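S.K.: Take a look at the letters that make up each chain.
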Amino acid sequence: MKMYPAKNENGNVLICVLGVILVLSIIGATVLRNSTTRLNVSSKQVRAWKEALSAAEAGGDMAFAELRKQFSTDSSVRASQWSGWTKSGTTYVSPESTFGSSNLKSRTVVEICYFDVSGNFHLGANPDPNANSWYRVRSRGVSTLLGLKRTGMDDALMNEGRTHFAAFGSTAMKDITARGNGDSLLRKVDFKYDHFVATYGGSWDDPLTTRNDPVALGAPQISRRIEQVITPLTPFFDAAIKTAGIFYGLGSAAQIDSYDSRQGPYAFVANSPSDPRYINSRHGNVEIGSSTATVKGMIYGDVATNGGTIVNSSQITGTVDNNVPFTLNDYKMPDVTSWQYEPPPASGNGLAYQLASSFSGNKSLTPRYAGTANAPVYYLVSSFSGALNIHPTAAATDTYMAIHVTGDISGNSTGITVNPYVHVKIYFDRDINVKSNNLINQNPTVTNPMAANLQFYGISPPRDANGNLTWTQTINLNSATPSTLAMTFYAPSADISLNGNPDFIGTMVCKSFYANGNVSWHYDRALNSEGQLLDVRIASYVEDTR
Amino acid sequence: MSRPGLRQVESGFTLAELLIAIAIGLSVLAVTFTSAVALQKSFSAVDNYFGAHMQQIRIVDYLARDVRRGLSVTSSTDKQTVTVKIPKYIIQAGDSDATVSNIGTPRSPSLAIASGDYNINYGTATSTVTTVVYSVNGSSILRTEDGELTTIASSTDILLPETLDIELANTEYTTTAITFQPISVADRSGTVVYSTAYLRNRRRSF
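Protein chains in written order, with the numbering used here: chain A, 29 to 574; chain B, 4 to 209.
The following block holds chain B by itself, in its conformation from the complex (with noise of 0.2 Å):
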């Protein structure tokens, strides 16, 4: 036996109804994936500003650990290209000293006088200096150690490092100005990291 009020409980929704739900719920899904779009697009964006942020400041940090033990530093008429000269410290593979036992270990320094000062060397008697090189190949940034290359830095962002040497005295400092093309802003300005750096060692002409 039916119970007459179960017809009306189990009554379905009018076409109206359903017509106006399924928009509403469209709505709501297309505003969704439309703010996921959009959350996305915006996180990746900002994610790959700070990766090129990050980027900026290791070229710096090298640069700047390069400078400070360095003897002397060079910077290209362009400003891209840098090369440090610093003390031959560790004995590396393929030196005129190197053996089986002291690859990879401290030189002990050696003394000359040259210009009226001590100098202190590392390395042998041939080649005391290493040569670092900074420089700018397509989107990358290498680095470059006798021969040796790293790339430090790689950005479709096209990072953009200039840097500048000014001797002193005695002394001598690098200013560095990096700069990138954040993907959503075609727009270097904002961008820019400033960083200088001295020579701790007395300044020596190569």
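One chain only, chain A, in its complex shape (with noise of 0.2 Å):
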């Protein structure tokens, strides 16, 4: 006998048993779904929005590698600077970059500019051929994000009124009215336009437009932009007198204060508030890199020493800090390759824009060529014991030169006079001596010399096995007829000595320095940006977080 099963009776059990497996697959589902959410956020968002301010300081290093390398001792590096970038006039666009296991992209935009008298910032070189430029620096980081396009769990958007940047119903930055609370507001995922290029533009990417934005992206991703100012650091900022050692001075009826030959000639106006000028009048600093220190006369700014015992009093109007170390470093001969170079006459003191080797007496100098600011007409003599009268090389033409004197500048009638739309830079290897009133500053005029244009850059000592400088660098200006000088030395390995009471324009930067006359010495604020470039530094950092 054939027995069949009741057919009917298994369906329960299947039932059962697909109700089962519905139930744990809901639950796996939702477990799924929301651990690939949460990873999606925790993983991949955040690493992301990380990663692509990576990439954005990433180019922000770049640009500024590429500021630095004409500070390099290897011309092939100097030479290579901006190589790949895009240039137009006074703006610099990277290549975009590709790096790191992410595929993180970066992309900068490096924009020379320069703030004027009142601080007030513009794009392009700076109008003062003395004056050294600014730059902005401005770099867009992207990191993609490969996968589902996911936003967060916290993501509800809103629509309540509430005005991040812009009024509510503004046309302005959309975007972020409509973000809510959560992930998005901070961390902006772009799933198929960049928003930032979509709503602003590129220009802040990319003034030059090589690009063409607003593209559709092929993934997800996240950009970060960043804006660095980068300043240069220049051997004359913000103090009349800067010594790495042992001061002493000035006379104690002295006085130091400050002004701005940008807004005119030097006049008194430390003492009136009322003044627009007042502003620029205290800064006539004084900056000392060791604990010997003995200050005398008026000081209209700011003392520092470095473990000094200066205390306030009223004859100090700005601060003082005993706790400021500094040091100094050496100061090498810059890289003349560029400049234009006028070689010495075979014998005598040669035409009348050449210079003998071995000068002496009496010269009436007026170069052949006008030079730049940065590629000089370029003499290179082994003595100076004569005076000097360097005229421009046409009426009314800016000329730029620089002397080299490997040995001293000493004599009684030792001097230079730099007359109107010349501008001179000296480098001396060993020692001056020399008359105070025959270093003779008169442009733009008798009566508003600018210091810059007579600058004095003392080219250190070599060092030994123990580090100590070979031999010992001088500078005596002697006493005079008071007269007004207008210079500036920066001599970082060099003793100053400075006789007399005469009115000084400028500034001195040193090893150490002495002087005991009754000078009135005036800081002039324009040599802030102004002198050999140093190097660079970043002054400001801002991430633009629309």
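The set of hints was computed from the structure by calculation and includes no laboratory data.
In this text the structure is predicted, and so the values were computed from the model without any measurement.
For every residue, glycine included, the Cβ atom is placed at its ideal position computed from N, Cα and C.
The reader is advised that the hints may include incorrect statements.
When the alpha-carbon atoms are kept at most 16 Å apart in a straight line, the in silico EDC-like pairs for lysine to aspartate or glutamate are as follows [what the hints assert, rightly or not]: (1) A/Lys78 <-> B/Asp64; (2) A/Lys78 <-> A/Asp523; (3) A/Lys115 <-> A/Glu139; (4) A/Lys97 <-> A/Asp363; (5) A/Lys72 <-> A/Asp218; (6) A/Lys72 <-> B/Glu165.
Computed from the model, here is a short list of chain B residues facing chain A with C-beta under 7 Å [unchecked claim]: (7) Ala33; (8) Ala39; (9) Leu42; (10) Ser45; (11) Asp50; (12) Arg72; (13) Thr86; (14) Pro90; (15) Gly119; (16) Ile123; (17) Arg203.
Anything over 12 Å on all C-beta distances counts as not near chain A; from chain B, calculated [stated by the list, open to error]: (18) Thr17; (19) Val49; (20) Ser78; (21) Ser79; (22) Thr80; (23) Thr84; (24) Thr129; (25) Thr134; (26) Val139; (27) Ile161; (28) Thr178; (29) Ala189; (30) Gly193; (31) Val195.
Hints given; two lone chains; assemble the complex.
M.R.: Right under this line is the structure:
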């Protein structure tokens, strides 16, 4: 006898099993979905957001490295500056760089800029030929989000009228007001288009429009943008006198104050708060890098020492800080390969544009080239013991020249006269010993000479195996008929001695400083960005969080 | 005509078999239901945990972003209120220099010299910084930017951020530790997230 099972009775078990599987599957799917979303946010989006900033900062670093190539001792490195970048006028745009295991991308824009006497920002080259440039660096970093297009779990879109930047209803920044309180307000994930470019255009990222944004994205991404302002490091920044070692001076009836030659000739306004020039009158700062400091006279500015015992008094209008250590690096002769070298004559004083290699006597020098601030007409002499009167190459033509003196600059009648339109830099390896009134700066005028038009740079002596300088460099500016001196000295390895009671416009940076006269010293604030460019550094960092 | 074998095929379970089958079935359903509830609770707890964790990260990221671009940071004595001064980079509605066309655009910087150093400023003549305040309000973490309030985190797990600012010669950094109290475990230990952020700008005094 054959028996058949009742088929209808099997269905209950199957339904039960399917039901259980369904319940478990729903739970599993929910867990998986939430886990995936959490993973998207915690692993991918957070990571990409951080990496996008790294990429942006890497772009800024690359720009900084390009800027610093000009200081390299390797001529091939200097020649490679801005290689591969797109240049137009004073704007440089990098190629888009891809790097890292996540294929991060960065693009950087470097724009030459400057600040005027009022501190206002301007794009383009500084109209002051003696001044150094600033740079605005804008960099964008992008990190790609691979995988499905997912937002976070806390991204409820809002329309509550909350105004983050713009009033509700404003056409500006719609994306901001539309975002919620969650992750997308912080980490703006771009799914289809770069939200920043789509909203604000591409000029921030690329003012030369070498791209064609907005373009549809191949994959979701996060982009971040930073802006940095890079300042030139100059030798004469914000100090009338800066010495790494011992300081003595000035006379008890002396005074140090400041002015800005871009606002006109010097006038004493340090006690006139209502005068518009007053704001620039109390920066006659004295910076002393040692504890051995004897400070005399009236100082309209700050005084800083490294372990000194200077106390606040009515003789110092600014702050006194006895805990400001600093060092001055040795100064090396800058690279002259791009300068216009003018060889010496075969004998004698030569032609009007030539300078004898061993200069003495009187000479009226008129260079045959105008040169530029970055590539001046260049003379090389072994000794300097004459009176040199320098004229522009042609009437009303700015003329830039540099003289490298490998020996001493000395003698009772030794001096330099800088006539209007002449800009001179003297580089010296050894000593200076001259009468101060033989150093005459008449550019732009006799009554308003600008110190930046006569600059002295002391080349540091080489150091021995113990790190000591192999000779002592001295600068003696001897007493003479009181006069107005307008010049700068940057000689970090030199001992400076100044005698007499001259009016002095400018600044001195040295190893030690001594002056006993009742000098009337005026620091020119235009010097802040002038002088030999020593380095650059980042002065400001902001992130554009739009 | 009936066939003798059919009666045996159509015969049902005995009462005992039926009771046993029902008992087993109910047991399976009970186990399944219990497991489902347990799984759901477990998932809910884990999801809640990671939800709070994500908010920890968000708070840290917000704070780090502001500190990095900031000019100074001040934390309160109880470490739960943090004030960051950041450059006023974007022109906002209500600013003295705001116009219909420039709201939401970046400002150009300006230059001043203070304390022997360049200060790059963004903003108007009377206001160069934006004040951002992080604070705790009940179960919410608030971020206020020049008076505009954003709730950047809110959890029944009672998020508790603690931030300490350390001033150095020219810079400053913050150390932040954020904990929460999971609903499944009445203990904050093991939930802490640490973060350290440095100023990119030179520190200023305000």
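S.K.: All hints are to be evaluated individually against the structure, with a verdict given for each.
M.R.: Here is what the structure says about each hint:
no.	hint	in the structure
1	A/Lys78 <-> B/Asp64	holds, 9 Å
2	A/Lys78 <-> A/Asp523	violated, 51 Å
3	A/Lys115 <-> A/Glu139	holds, 10 Å
4	A/Lys97 <-> A/Asp363	holds, 13 Å
5	A/Lys72 <-> A/Asp218	holds, 13 Å
6	A/Lys72 <-> B/Glu165	violated, 26 Å
7	Ala33	violated, 12 Å
8	Ala39	holds, 5 Å
9	Leu42	holds, 5 Å
10	Ser45	violated, 9 Å
11	Asp50	holds, 6 Å
12	Arg72	holds, 5 Å
13	Thr86	violated, 18 Å
14	Pro90	holds, 5 Å
15	Gly119	holds, 6 Å
16	Ile123	holds, 3 Å
17	Arg203	holds, 4 Å
18	Thr17	holds, 14 Å
19	Val49	violated, 8 Å
20	Ser78	holds, 21 Å
21	Ser79	holds, 23 Å
22	Thr80	holds, 27 Å
23	Thr84	holds, 20 Å
24	Thr129	holds, 15 Å
25	Thr134	holds, 15 Å
26	Val139	holds, 16 Å
27	Ile161	holds, 17 Å
28	Thr178	holds, 18 Å
29	Ala189	holds, 23 Å
30	Gly193	holds, 17 Å
31	Val195	holds, 16 Å
Violated hints, listed in ascending order, are 2, 6, 7, 10, 13, 19; each of the other numbered hints is respected by the structure.
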